[in-house]
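K.L.:
Below, each chain spelled out in residue letters.
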Amino acid sequence: MRITDVNLGQEMHDLARTLFPICRSLTGNGVRQTLELLRKLMPELRLYEVESGTAAMDWTVPDEWNIRDAYVIAPDGRKIIDFKASNLHVVGYSEPVDKVLSLDELQKHLHSLPEQPDAIPYITSYYQRRWGFCLTQRLRDSLEDGNYRVVIDTTLGPGNLTYADLVIPGDIAKEVLISTYVCHPSLANNELSGPVVTTFLARWVKSLDRRRFTYRFVFVPETIGSIVYISRNLRALKENVVAGFNVTCIGDDRCYSYLPSRDGDSWSDRAALHVLQHMAPSFHRYTFLDRGSDERQYCAPGVDLPIASVMRSKYGTYPEYHTSLDDLSLITPNGLLGGFGVLRRCLEVLEIDRRHEATVVCEPQMGKRGLYSTLGTAQVSEAVKTRMDILAYCDGRHSLLDIAGVLGRPAWELSEYFGELTDHGLIRDADA
Amino acid sequence: MRITDVNLGQEMHDLARTLFPICRSLTGNGVRQTLELLRKLMPELRLYEVESGTAAMDWTVPDEWNIRDAYVIAPDGRKIIDFKASNLHVVGYSEPVDKVLSLDELQKHLHSLPEQPDAIPYITSYYQRRWGFCLTQRLRDSLEDGNYRVVIDTTLGPGNLTYADLVIPGDIAKEVLISTYVCHPSLANNELSGPVVTTFLARWVKSLDRRRFTYRFVFVPETIGSIVYISRNLRALKENVVAGFNVTCIGDDRCYSYLPSRDGDSWSDRAALHVLQHMAPSFHRYTFLDRGSDERQYCAPGVDLPIASVMRSKYGTYPEYHTSLDDLSLITPNGLLGGFGVLRRCLEVLEIDRRHEATVVCEPQMGKRGLYSTLGTAQVSEAVKTRMDILAYCDGRHSLLDIAGVLGRPAWELSEYFGELTDHGLIRDADA
Amino acid sequence: MRITDVNLGQEMHDLARTLFPICRSLTGNGVRQTLELLRKLMPELRLYEVESGTAAMDWTVPDEWNIRDAYVIAPDGRKIIDFKASNLHVVGYSEPVDKVLSLDELQKHLHSLPEQPDAIPYITSYYQRRWGFCLTQRLRDSLEDGNYRVVIDTTLGPGNLTYADLVIPGDIAKEVLISTYVCHPSLANNELSGPVVTTFLARWVKSLDRRRFTYRFVFVPETIGSIVYISRNLRALKENVVAGFNVTCIGDDRCYSYLPSRDGDSWSDRAALHVLQHMAPSFHRYTFLDRGSDERQYCAPGVDLPIASVMRSKYGTYPEYHTSLDDLSLITPNGLLGGFGVLRRCLEVLEIDRRHEATVVCEPQMGKRGLYSTLGTAQVSEAVKTRMDILAYCDGRHSLLDIAGVLGRPAWELSEYFGELTDHGLIRDADA
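Residue numbers (this note's numbering), protein chains in the order written: chain A, 1 to 432; chain B, 1 to 432; chain C, 1 to 432.
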């Protein structure tokens, strides 16, 4: 599973295509169906159901919402809005309705975007009972006076909130947390790129012969889901999580973005910045004030987890965001592959970022180990210089990432040198 | 007493006009008369008398100096220099003299400014017995040979040094120290703007329903006065003073200036920089090397108080400084009002700059409190965003001023949000 | 011994001229002869002999190498390469050889520089038995087919490694370490400038009436010599050395260079940067990654000494480096004098960089001590201002170097003020 593997990009795009039509929301069968599909790719994925009304921190798990159909029939009998054509047409969590009303009455329940006349907006009303339709401004402008029949065939009542996690054990109990969300209907960059890339990251972690950290992959509905997850796992998360990322908006091919943890100086931040500086140096750098996804919960006071975000085009910054234009054409195999590659590198960096200490005082004699030219001239090779530079900083204080920073080299390029020096007995792991 | 109140500026200028003719010096009746006039505006102001010869740190309180009259009569009988026309004409602390002497002899006792031919310089000789006259270069150049009669009718002998303070109690014993000086004769920006603005700051503090800190307002002759004050109050000042400002040169309308405390990182420095960056972002920033007023004593090793200076045109930097051109036309109602406003904001910032901590783990559900739109769209309002940003940093570590810095907003604009969130029980004071 | 003393520059160049012809190597009589010549200038210099095969950290002292003669005779009978003309002609540590071989065979043992056709390269093979000749590319290109006689009359077998040190006691046992190397044959900037300037620094330190620190001057063959020195003195060095410099490439007149210690924030680094910023502000600033001399050992993990390097043109950066062009014309009296001057200033700064504390609280009354004008005007003199600024920072935390940094003044210009203020009893040494 190499990041240059174009098939991998296509595989991820195919998975997004499979998940795209499902009508996800905070709760309901769309979430369950999505998680069941992901479980086919991650058999150890565990699904959880939490009853409506359950308290979670300051919140309460809402009623479960399910939708069978919804449409609007114009005065001339044409079905002008049809849930089956786009699940964005219905305001999320709409209560059931079946009535005939005038255009004026209908208008109060319509949502459109005057500045994006061909886009259907994505609207929800989770915590206030409402019903409504979303449509393009162009369609809305063409509506004529008369009586419209509106049908929304939904159920909204006590049920469950569904989420899932997958814990892949490592050598130690300390955890890397990867969280993503599954509560948006047919939206591609924000949201399907998140669970898709997270699924392939989990598969990659699972495929490793050995891993230092335990990895926790979390698939939740945004906000209420992460709050429920935190409320059920707070102590363990605070005790174990040493780094992690919220995975969202990771599928288009326009740019890379970084959003820090609350204090911006966590290990996750350092790993993410290192990777982006080497792999995508023109990345966009946001601040924690620009946050908007589940890092709001993971980094909240009292939770304080070291969670950063590495994205492609960040939510809220691209014109297609939260509209029907955020579709399968916006995310690309290459975009997903690049996002996967950067996040995978972040995890690799966490795995290799250890402190080492030299086993000998003063420089070792590299020549007798075949690691230095025996002929003294004015020049030394790049490899020889790299070895000596690494040794010079293996003082038990500088970690591999620190040393990579000093050398201006990607951490993953130095890793083999650390292995070689360890094999020669010249350095030892100071974090063991 | 709002800072946009133009009457306040005029009131301050009127007070300066009343105080302007008084011949103040390190000691003497001019200081007493000035402090008595200020006591009319601050009835609780306490005056102190310290006898000549009293030791104060490395210094000794000097003899008291008083002046009745002084003049020079030219060979043609005209009174060409007259103390009654300007009290700057006499070198401060001149010993008495009444004699006739030649122009050559007289010249040794004259002071003028060749490069400012219409300005009378301000000269003193506190610690070496002398006598002298100050005059414009233009007048000096017109003097003709002949015999001049010089009369200086002063007394210089054992007496007292006079100073005053006003302590306004707050909720806690910790103090904010505001110091200014009253030892210059008819000089407006440097000096009268200082005691005038300080008086109105004291009246504003007194007018508050409640204040967190105890406020100590100090009116002293510069240098010897602050040294005397410190020598008599050192332990209490070191124990209680948490912030403070030396108030000087705060009345003209040309610019704002900031001079840090010795280490430049005190709470006073942070408050002053925050206020100036928002209210007068083009302010001049000096270093502690540019100091020249009583911060020299308050910030001296062994005293180490957190005293910064916020000024308009700083002493020593404007052409009228220490000359007769620093008169009532140099300070303006608007200049005084602006200076008062900035210092008042500094005190407000100190009052509100507390640390808070969230009472709930994870983000609270703002919607159920009417603090968040119930309709989920791509946009949130500025107020909603501000509330969430404040909550995100209410971690018991970030103070209001820290959070204002993160948000790039004036602290006083955030204060109402902190009140609202406290009222909703979402945050609590972590410094209580 | 003032640094403007042109004779001193010439004296140093003369010493380099005396040492230049000697064929130094890691071991052997060339090193001994060099150190004996230096002992004439530093009678207390102690020489040490360490037997071949002695273990030193990860290394072993090599066999001793001595050379009597070496040459190549061309097919036409001419002696075309002659050790007596330049000791660079022989690869260092060449084993003895005396044979006739074809040009093709000979070529395998020749070293030249195609891009510097008139330069003889400097090549060694200390830890692999070889023999070889170095020559100009121009000569090499002119060689014709035929049989060549090669003679290298060397001995390479058990013997000793020779090094020397000189410890000049000071008031305290804490040490300043100055190390330089003596293992290169006829090479001027890299190397003779090093031992020459170090010798004159030692003579200057010795000439001082009194010195605060003990000074340790070390003359070793590079790498193996410093490793041997460290292995024999590690505990004492770690316990005592508070600052120091590796002295190399300090004789040409083109630029100044600075290479930091491993962490770059040692006292030596701060002293060197202060001196260079004031004496040679356009100096080249390298990083520890550019290291290449004995700071590699002194700053190695486990040794961790605070050793920085102040150089003229740094090794490896100038075209003549490690070739016959690095000769006596490359180093100049002025270049050596400048290098000596900068290093001497570094030692002076270490001597004077102490913390002081004011003896009086608040500013002292300078006027009564004749240190301040008794006439108060708008201006004060530079000297008066400097005294007051120094006093303002004599808080027991800021050292003289810190204060010089705040004032933007060279430390050595402030030293007399500290003396004056100490003499007046206004400050006292806080480090005593």
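There could be a bad hint or two in this list.
All copies of an identical chain are treated as equivalent in the list; a pair is satisfied when it fits inside any one copy or across any two copies.
[Stated by the list, open to error] Pairs of lysine to aspartate or glutamate, EDC-like flavour, derived with a Cα cap of 20 Å: (1) K368 with D63; (2) K99 with D69; (3) K238 with D58; (4) K206 with D5; (5) K79 with E382; (6) K206 with E420; (7) K206 with E49; (8) K84 with D171; (9) K238 with E357; (10) K385 with D63; (11) K108 with D171.
Hints are computed from structural coordinates only; laboratory data are not their basis.
K.L.:
Now look at each hint and say whether the structure bears it out.
P.N.:
Against the structure, the hints:
With identical chains, the CA atoms of K368 and D63 are at most 20 Å apart between copies only, with a shortest distance of 15 Å across copies and 72 Å within one. For the homomeric pair K99 and D69, the shortest alpha-carbon distance inside one copy (14 Å) is at most 20 Å, but the shortest distance between copies (100 Å) is not. For the homomeric pair K238 and D58, the shortest alpha-carbon distance inside one copy (19 Å) is at most 20 Å, but the shortest distance between copies (44 Å) is not. Taking CA atoms no more than 20 Å apart as the test, K206 paired with D5 passes inside one copy only; the shortest distance there is 18 Å, against 70 Å between copies.
Taking identical chains as interchangeable, the C-alpha atoms of K79 and E382 are never at most 20 Å apart, the minima being 70 Å within one chain and 39 Å between chains. When the C-alpha separation of K206 and E420 is checked against a cutoff of 20 Å, the pair qualifies neither within a copy, at 26 Å, nor between copies, at 48 Å. Taking CA atoms no more than 20 Å apart as the test, K206 paired with E49 passes in neither setting, with 25 Å inside one copy and 60 Å between copies. For the identical chains of this complex, K84 and D171 are neighbours neither inside a copy (48 Å) nor across copies (66 Å), given an alpha-carbon limit of 20 Å.
Only between protomers do K238 and E357 lie at most 20 Å apart by alpha-carbon distance; the minimum there is 18 Å, versus 29 Å within a single protomer. Taking the shortest Cα distances, K385 and D63 never come within 20 Å of each other, neither inside one copy (63 Å) nor across copies (27 Å). Taking the shortest Cα distances, K108 and D171 never come within 20 Å of each other, neither inside one copy (58 Å) nor across copies (53 Å).
Checked against the numbered hints listed earlier, the structure breaks hints 5, 6, 7, 8, 10 and 11; every other hint is satisfied.
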